[in-house]
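Per our numbering, numbering of the sequence shown is gapless, rising by one per residue and ending at 453.
For the record, the hints were derived by calculation from the structure and aren't laboratory data. These figures come from a predicted structure and were not determined experimentally. Some clues are possibly wrong.
To be verified - DEER-style ranges, computed between Cβ atoms: (1) N427 <-> L176: 40 to 50 Å; (2) W191 <-> A336: 35 to 45 Å; (3) N411 <-> L213: 16 to 26 Å; (4) Y277 <-> I445: 34 to 44 Å; (5) L43 <-> F65: 28 to 38 Å; (6) S199 <-> Y387: 47 to 57 Å; (7) R73 <-> N256: 34 to 44 Å.
Claimed, not checked - List time: in silico BS3-like cross-link candidates among lysine-lysine, alpha-carbon distance up to 30 Å: (8) K238 <-> K283; (9) K286 <-> K32; (10) K238 <-> K190; (11) K32 <-> K193; (12) K238 <-> K324; (13) K324 <-> K286; (14) K32 <-> K247; (15) K283 <-> K219; (16) K283 <-> K226; (17) K283 <-> K247; (18) K324 <-> K283; (19) K228 <-> K193; (20) K219 <-> K247.
No residue lacks a Cβ here, since even glycine has one placed at the ideal position from N, Cα and C.
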Amino acid sequence: MSPDQGKRQSDIPTNYSIQDTFTKNIDPIRPKHFWRAGAEWFLAQAIPASFNRFITRDPYSYISFQNFIDHQRISAWDWDDNQFTTNQIDHPYHGQLYFNAFRSNGYNFYQSSVATVLGSYMWETAAETQHPSINDLVNTTFGGIILGEMTHRVSRNILARGKYGNRIGNEIVALLVNPVNGLNRLLDGKWGKVDDYNSVDSSVISAEVDAGLRRHDAKEGDFLTKGKNTFYARLRFKYSNGAHNYKRPFDQFYVNFEVGDGDSTFINAVNVYALLYGAEFFKSRKSSHFGTLNANYDFYNNDAFFYGAQSINYNWVSEFRYRKNNRLNMSAGAGAVVLAAVPDPYLLYGESRNYNYGSGLSYRYRGELSVLNRLMLTADYNGGVFYTISGNDSHYVLHAGTIEASLRLFNRFSLNASSGYFSLQGNFDDPQYDDFHREFPFGRISIGYNIQF
């Protein structure tokens with residue numbers, strides 16, 4: 001564990017200096033195991049398909065070769081009717097199995113991404129008799145690549161620390177994070193050992209876990225006088241592989257995961273911001289300014305509304321330093337919403353789909369002010385506008401904003417207070433459908449525990 005582990009996650013300075021490193025590869029060369037990768041990629045399809053066929057006897061699982069041939073037509077593709085959490089969470093997890101089947105067998109990020117695309121395509125066209133799904137192809141591929149590379153990086157960080165601590169314990173945690181890689185370590189006889197690939201990992205993970213009380217109102221928009229109190233917990237962590245590889249995909253990423261006991265929800269938010277590429281524009285003695293291309297995954301599920309989307313954004317980032325323990329970081333960006341799922345109270349598509357799919361524009365802002373390495377003030381905003389592709393003709397506007405103050409009390413503990421306002425407005429073209437505006441204002445107070453690996 002790092003000697004700086006007592007610092008708050010948000011107080012860990014990040015060096016964003018850009019250097020071109022395409023001519024230098026700091027990772028040791030790993031042997032590629034194509035046949036094992038292919039077998040694991042195939043099992044990621046065969047096991048769930050067999051479960052659907054022989055255990056649950058899903059009527060869509062009675063596949064044939066003719067079924068696969070029929071699905072090769074462009075006209076065969078459609079939008080499915082699965083539940084919201086199935087499409088927005090289950091499919092990305094399935095996609096990361098395709099990704100890590102190759103990533104953990106010596107293949108790089110781009111080669112593993114191709115395997116994810118092919119895995120999703122094969123499942124959609126060959127594993128079920130129903131029409132191949134456009135939204136599943138996007139969710140499994142986009143979400144699978146993001147989740148797959150993240151779990152690959154995090155598990156490598158965990159295993160690199162095995163030489164200093166409990167190796168078996170680290171192996172178990174890394175297995176839970178990345179099951180495919182854990183399986184391969186068992187097959188290779190590396191379980192409990194430090195190998196060349198993991199021992200040179202230079203990444204740093206700074207994390208914060210906080211829990212406390214949340215007061216919110218999903219009905220009248222007045223959480224102060226008419227809200228209710230519920231339990232709240234959150235995990236946030238930043239991953240950085242250092243400035244020397246800042247131009248490589250996923251050498252920087254941030255994850256926010258929130259849970260709380262709502263009326264009908266438990267997982268309230270999942271936000272992922274992952275670097276794809278960065279370029280420095282200019283710098284001075286006390287500031288630096290650069291641009292980044294990011295992949296984003298956002299999932300909101302509260303008592304007022306649900307929302308899930310994948311997007312690509314370009315951000316302008318500026319960092320300012322004043323003396324040693326004061327800094328101000330700001331970023332603003334905009335880009336394309338690749339695919340968003342938003343509720344439609346007038347839609348029942350198939351058996352269980354009550355939401356529309358659409359694409360549009362994403363825009364974001366984030367500011368962080370750190371004072372004396374003890375007080376952190378944060379403002380975060382995520383907005384979007386998108387138009388329906390599948391569902392009732394409509395367009396939506398999202399606002400998700402939060403302001404937060406965090407005071408480090410002692411060692412790794414901090415006191416956090418925040419307030420936020422989430423809203424989703426739906427506007428329908430058909431006059432028989434009334435527009436709606438759903439709000440979720442909230443306030444939170446919590447105790448945080450901060451650590452750096």
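>> For each hint given before, does the structure comply? Return the numbers of the non-compliant ones in rising order.
In response: When the structure is compared with the hints, numbers 5, 9, 15, 16, 19 and 20 turn out to be violated.
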